[in-house]
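Visitor: Read off the chains here:
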Amino acid sequence: MAERMNRRRFLKHGVALAGAGGLAATPVAQVAGAEPPDIAPSMRAPGAGMSEYGSPAKYERAVTRTFIRSQPGTTGSGASRTPLESLEGVITPSGLHFERHHSGVPDIDPTSHRLLIHGMVKRPLLFSVDALLRYPMVSRVHFLECSGNSQLMYQTMPPNVTAGQAHGLVSGSEWTGVPLRLLLEEAGADPAAAWLLAEGADAAAMSRSVPMAKAMDDAMLALFQNGERLRPENGYPIRLFLPGYEGNMSVKWLRRIKVTPTPTMTKDETSRYTDLQADGKSLMFTYPMEVKSLITRPSHGLTLRGPGVQAVTGLAWSGNGTITRVEVSTDGGRAWTRAELAAPVLPRALTRFRLAWKWDGQPAVLKSRATDDTGAVQPERAKFIADHGQNGVFHYHGIVAWGVQANGEVKHVYP
Amino acid sequence: MSTRDITGVMIGLLLGGCAASGGTAMSGGAREVPALGRPVTAAQVAGWDISIPPDGTGLPPGRGTSALGAPVYEQKCQACHGARGAGQPNDRLVGGQGTLAGATPVRTIGSYWPYATTIFDYVRRSMPYIQPQTLTNDEVYALCAYLLHLNGIIGEHDEMNAQTLPKVRMPNRDNFILMYPTKGR
Chain A
7 MAERMNRRRF LKHGVALAGA GGLAATPVAQ VAGAEPPDIA PSMRAPGAGM
57 SEYGSPAKYE RAVTRTFIRS QPGTTGSGAS RTPLESLEGV ITPSGLHFER
107 HHSGVPDIDP TSHRLLIHGM VKRPLLFSVD ALLRYPMVSR VHFLECSGNS
157 QLMYQTMPPN VTAGQAHGLV SGSEWTGVPL RLLLEEAGAD PAAAWLLAEG
207 ADAAAMSRSV PMAKAMDDAM LALFQNGERL RPENGYPIRL FLPGYEGNMS
257 VKWLRRIKVT PTPTMTKDET SRYTDLQADG KSLMFTYPME VKSLITRPSH
307 GLTLRGPGVQ AVTGLAWSGN GTITRVEVST DGGRAWTRAE LAAPVLPRAL
357 TRFRLAWKWD GQPAVLKSRA TDDTGAVQPE RAKFIADHGQ NGVFHYHGIV
407 AWGVQANGEV KHVYP
Chain B
4 MSTRDITGVM IGLLLGGCAA SGGTAMSGGA REVPALGRPV TAAQVAGWDI
54 SIPPDGTGLP PGRGTSALGA PVYEQKCQAC HGARGAGQPN DRLVGGQGTL
104 AGATPVRTIG SYWPYATTIF DYVRRSMPYI QPQTLTNDEV YALCAYLLHL
154 NGIIGEHDEM NAQTLPKVRM PNRDNFILMY PTKGR
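Protein sequence lines, in the order shown, are assigned to chains A and B.
Per my numbering: the first sequence = residues 7 to 421.
Per my numbering: the second sequence = residues 4 to 188.
What the hints contain is simulated information worked out from the structure, not anything from laboratory work.
Small disclaimer: the values here were computed from a predicted structure and weren't measured.
The C-beta atom is built at its ideal place from N, Cα and C for all residues, glycine as well.
Each hint should be verified, as a subset may be incorrect.
[As the list claims (entries may be wrong)] Label pairs and their calculated CB-CB ranges:
1. A:ARG360 / B:ILE133: 42 to 52 Å
2. A:ARG311 / B:ALA82: 49 to 59 Å
3. B:VAL48 / A:ASP115: 18 to 28 Å
4. A:ASP393 / B:ASP177: 15 to 25 Å
Given the sequences, and given the hints that come with them, work out the whole structure.
Guide: Structural data, given as structure tokens:
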């Protein structure tokens, strides 16, 4: 309760720390009428009526998508980030799911939207949204991470922005839709075809090649996110969803799937979303997002109130499987303590970890390090940069470190 | 579905016979599909099939040269990509060859893109930003020729068409390491 009130006060008075929440520096003050023996004003008159579609509490208005940036001269070619430090659990509210668009959010009337499946198939087929809604569906909890998440970590200086602003191109949802395999089988996809092309109905006609093996494994045509139909900015009325793969491949506003013998080599799998290494070579088709974690609280821009027990929490995920271990260090990586993984721990899903830390008031460096069930361990940033160089944009998955100063302020650091 | 099935069975029983039923609950039926895809004609498919792979399959008739591309570029591309592809306010399209292993790599069509067909595919589907899919095929070929010529990859008078474009060898073609299917999932 004290934490909650404190958080509100922080959000009201701490606007300078955009996107930050909680762990306010100000001590809990007594508020007139809020404590016993006074009776709260909310109990002295009936409250508001019902609403058709609920909204967050007005006191939470500072919790928004953050670091919204567009290409020059555009409003919809860019990204917005999830405010990771303000959220809990492993499901991101749909309205706070990160966005990455290549030519804005199209307005698509589902009654006039069609999905075409063609190419190396026996029967080219056209599906209405209404038809797809009548197919058997599956629901899966998965993260979605933009390949360019944490891009600032390639820079020489630690990013002077919050956890969400630097690392919020990742979100978690329950996705529900039709297994793509069912539709490929209905169309009679050629078993010899190794690829398909997925294309959106946005103004970029954004397109990516997808391995047929993935399409026949766990790919789905997502129609619902967190129980309701997709939001426009997440691909309404249909998006491809490829669990664990870099977000760009989960093509939104899906209108066409072409079964092909080879990759199409679209702009977004050649000039973008390839990973330039220090030697000038580039890695292509780096599909799964690697094992990764970060502490979301405390984190950059938040302030510890004072020495004593701190609830450390964060998120871990791996596009290659299930998180098996998260370790936390409070001394910059010399000693590590295993954090508690909060159920549910699901494959290719955000996994919440927690650890109590007794802070002695001295400067400290907090880190988290995740391991997945393939045995892959999240590398230190220095190791990651040594392996990949600093010219990259995508797939940063090294360790994120937070420096805690004696005054309780927390900042991104490269220890 | 199960409620309807049960209702159907009950009505059938009430009517005093086995003839009427509400259908069959299919064993393992969670994966049975209703097969609602509608057949489409080749002409319908052709209207939507705009993707062009490196071998050029699907490239439409048409042609263009750098000289024809220059005025199209100046009118429809330059405001975002700068004079002669120099960039600003948006992506630079020309130059940068030899910079990829340095401290400040410059990624352009000429220095980075592995396939010339991608230029045709991308420009036709996505550009100009405010008016995608308005360029004629000749204009797209001409823009390909213009940008490839500015990057020193083809000659000033080389014509780009469905036969010549896939044959263009991009300088950075061999500097990509495939991570699928050899690595990863």
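Visitor: For each hint, tell me whether it holds in the structure or not.
Guide: Hints and how they fare:
For the pair ARG360 (chain A) and ILE133 (chain B), the beta carbons lie near 48 Å from each other, so the given range of 42 to 52 Å is met. Range check, ARG311 (chain A) to ALA82 (chain B): Cβ separation about 52 Å, and the 49 to 59 Å hint holds. Between VAL48 (chain B) and ASP115 (chain A) the C-beta distance comes to about 22 Å, which sits within the given range of 18 to 28 Å. A hinted range of 15 to 25 Å holds for the C-beta pair ASP393 (chain A) and ASP177 (chain B), which are about 22 Å apart.
The structure shown violates none of the earlier numbered hints.
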